[in-house]
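**Q** Take these sequences, add in the hints, and give me the full structure.
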Amino acid sequence: MRVVRSDGPGMVRLALHGELDLATADLAGRHIAVALDTIPAGGPPLLVLDVAGLTFCDSAGIDVLLGGRAGAQAREVDFRVVGARGIVRRSMAATGVLTLLTTA
Amino acid sequence: MRVVRSDGPGMVRLALHGELDLATADLAGRHIAVALDTIPAGGPPLLVLDVAGLTFCDSAGIDVLLGGRAGAQAREVDFRVVGARGIVRRSMAATGVLTLLTTA
Amino acid sequence: MSALTAHLDVPLHHGAPGAARRAVVAVLGGWGFRDPDWLDAAAVVVSELVTNAVRHGGGCIALQVEAHDRRVVVSVADGSSVVPRRRDPDDVGGRGIALIEALAENWTVHNHEGGKQVRVMLLPCPGLEESSGSARGGAA
Amino acid sequence: MSALTAHLDVPLHHGAPGAARRAVVAVLGGWGFRDPDWLDAAAVVVSELVTNAVRHGGGCIALQVEAHDRRVVVSVADGSSVVPRRRDPDDVGGRGIALIEALAENWTVHNHEGGKQVRVMLLPCPGLEESSGSARGGAA
Ligand SMILES: Nc1ncnc2c1ncn2[C@@H]1O[C@H](COP(=O)(O)OP(=O)(O)O)[C@@H](O)[C@H]1O
Ligand SMILES: Nc1ncnc2c1ncn2[C@@H]1O[C@H](COP(=O)(O)OP(=O)(O)O)[C@@H](O)[C@H]1O
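Protein chains in written order, with this note's numbering: chain A, 1 to 104; chain B, 105 to 208; chain C, 209 to 348; chain D, 349 to 488.
Fair warning: there could be bad hints in the mix.
Using C-beta positions, here's what the derived DEER-type ranges look like [unchecked claim]:
(1) C/Gly-302 / D/Glu-453: 34 to 42 Å
(2) B/Asp-130 / C/Pro-334: 24 to 32 Å
(3) A/Gly-42 / C/Leu-331: 44 to 52 Å
(4) A/His-17 / B/Gly-146: 42 to 50 Å
(5) A/Gly-86 / D/Gly-475: 31 to 39 Å
(6) B/Thr-207 / D/Pro-472: 29 to 37 Å
(7) B/Ala-178 / A/Gly-53: 47 to 55 Å
(8) B/Gly-146 / D/Gly-475: 48 to 56 Å
(9) D/Glu-453 / B/Arg-189: 37 to 45 Å
(10) C/Pro-334 / D/Val-430: 33 to 41 Å
(11) B/Pro-144 / C/Ala-211: 49 to 57 Å
(12) D/Ala-351 / B/Thr-142: 52 to 60 Å
(13) C/Gly-302 / D/Val-431: 51 to 59 Å
(14) C/Ala-211 / D/Pro-472: 34 to 42 Å
Calculated directly from the structure, the hints in this document are not laboratory data. All residues carry an ideal CB built from backbone N, CA and C; glycine is no exception.
**A** Right, dumping it as structure tokens:
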């Protein structure tokens with residue numbers, strides 16, 4: 001799991017690369033928590049998770065994405081998952097959370 | 105197995121990419137045979153096999169390289185394997201043909 | 209040879225799901241099951257089964273893959289006799305069995321050496337000839 | 349759990365060596381054997397054994413991997429009772445057993461269901477703790 005962070009006014013974008021599962025869930029969750037606590041000023045706060053670089057995501061990974069959304073809501077940060085494709089998108093769709101996670 | 109051919113005066117360079125084993129030996133052997141029969145004029149004939157892009161080579165692969173050398177000798181073509189590294193180099197060394205194949 | 213099996217002991221650790229699915233994908237690819245989307249679904253099923261065995265199962269984990277013609281069954285045994293049950297999902301889980309049900313044909317639970325074995329029958333793999341003995345014996 | 353085993357049926361085709369070594373590398377990685385050079389050598393040994401079984405063995409091929417603490421044994425069984433013998437290498441072969449001998453500790457041949465099983469003990473994997481139970485139970 002490689003996480004690339006880029007900051008803009010009022011927003012953080014985290015690009016996740018690799019496989020999101022039991023082995024990487026904690027690490028991804030920590031990156032998301034840190035991002036939520038350190039969003040730059042300059043606009044309505046937004047966290048974007050770019051998952052285009054993920055090649056795998058199972059329910060442990062879905063739980064991380066949902067945890068990110070819950071953490072964002074608690075901090076009144078807008079949250080959106082972008083770039084889901086292949087098995088990552090299918091896992092999100094099959095668990096019924098694709099729309100929830102990909103619309104702001 | 106991907107094979108990239110580049111021609112120069114009197115010489116052909118074949119760059120092998122992927123894994124050289126039972127599954128790819130025939131294909132690689134055919135590329136080598138065609139190259140030996142179609143070396144451009146313009147200098148003393150030479151065939152270079154660039155194996156830097158190989159990630160695997162077992163004894164079936166070594167046999168292909170040795171077959172290439174034998175075919176080159178029969179046609180009075182100079183022959184050299186370049187770029188061997190990692191397990192490809194170790195397989196060549198362990199079978200005692202590293203020097204034979206890498207020196208002209 | 210119309211029935212093929214693979215068996216694999218899996219030590220309990222958080223890298224187990226990844227190792228197990230990589231092994232299973234390599235095995236199934238070698239058996240002639242090559243459809244990438246189908247292999248992705250098989251990988252998710254294996255990952256869910258092993259993750260649940262690591263989290264809830266305890267004891268040794270044994271993974272089995274069986275192919276009977278076009279049908280593939282993957283099973284994971286663990287040392288707990290507790291039977292998995294679909295639960296209401298929340299922010300911290302409860303989607304593993306739902307994902308298995310969405311991506312596979314069915315799942316069953318069997319007694320296994322004091323613990324249990326969860327068996328999942330995968331959907332038929334597209335693109336295999338009906339007589340898959342020959343399909344699977346073919347060239348890579 | 350200090351002994352781990354994996355078993356895998358391998359259909360006879362020219363993609364079998366590749367499929368077998370990918371599966372074995374995934375399995376060994378999941379068991380905590382992570383040294384890349386050592387895994388490369390393991391892959392070559394598996395490839396040689398399966399290639400020989402495809403070329404000379406006949407019948408079904410069954411691959412087995414066993415880890416007892418730091419020692420790993422890979423075995424391939426086939427349906428021929430002919431015992432492999434190192435032969436004088438020429439331009440078209442004869443280097444498979446030499447390569448196994450160079451990269452592994454030793455090899456033995458055993459009777460197996462009417463055919464034979466060739467067992468190869470690999471060299472010890474570098475970087476594993478002496479008590480590999482804990483090393484292999486650790487994080488990925
Ligand atoms: N291998 C298992 N052994 C015992 N209980 C299990 C096992 N797998 C699943 N369960 C039970 O079934 C429940 C639902 O599993 P699942 O849908 O995968 O969600 P999660 O694991 O995220 O809770 C688990 O919470 C657990 O109580
Ligand atoms: N699984 C096998 N079954 C029967 N004979 C075998 C087997 N493996 C190897 N042999 C015999 O041992 C010889 C040497 O094997 P090897 O060193 O791998 O060279 P090669 O296979 O290139 O001839 C083979 O030529 C073959 O006669």
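**Q** Taking the hints in turn, state whether each one holds.
**A** Evaluated hints:
Against the hinted window of 34 to 42 Å, the Cβ-Cβ separation of C/Gly-302 and D/Glu-453 comes to about 48 Å, which falls outside the hint. At about 28 Å, the CB distance of B/Asp-130 to C/Pro-334 agrees with the hint of 24 to 32 Å. Between A/Gly-42 and C/Leu-331 the Cβ separation comes to about 49 Å, which falls inside the hinted range of 44 to 52 Å. The supplied range of 42 to 50 Å is met by A/His-17 and B/Gly-146, whose beta-carbon atoms lie about 47 Å from each other.
One distance hint, 31 to 39 Å for the beta-carbon pair A/Gly-86 and D/Gly-475, holds here, with the actual separation near 34 Å. Between B/Thr-207 and D/Pro-472 the beta carbon distance is about 34 Å. The supplied range of 29 to 37 Å therefore holds. B/Ala-178 and A/Gly-53 have their C-beta atoms about 50 Å apart, which keeps the hinted 47 to 55 Å range intact. Remark: the range hint 48 to 56 Å for B/Gly-146 to D/Gly-475 is upheld by a beta-carbon distance near 51 Å.
A hinted range of 37 to 45 Å is violated for the C-beta pair D/Glu-453 and B/Arg-189, which are about 25 Å apart. The given range of 33 to 41 Å is respected by C/Pro-334 and D/Val-430, whose C-beta atoms sit roughly 40 Å from each other. Between B/Pro-144 and C/Ala-211 the beta carbons are some 54 Å apart, a value that agrees with the proposed interval 49 to 57 Å. In this structure the supplied range 52 to 60 Å holds for D/Ala-351 paired with B/Thr-142, their Cβ-Cβ distance being about 56 Å.
Against the hinted window of 51 to 59 Å, the Cβ-Cβ separation of C/Gly-302 and D/Val-431 comes to about 56 Å, which satisfies the hint. About 36 Å separates the C-beta atoms of C/Ala-211 and D/Pro-472, a value consistent with the hinted range of 34 to 42 Å.
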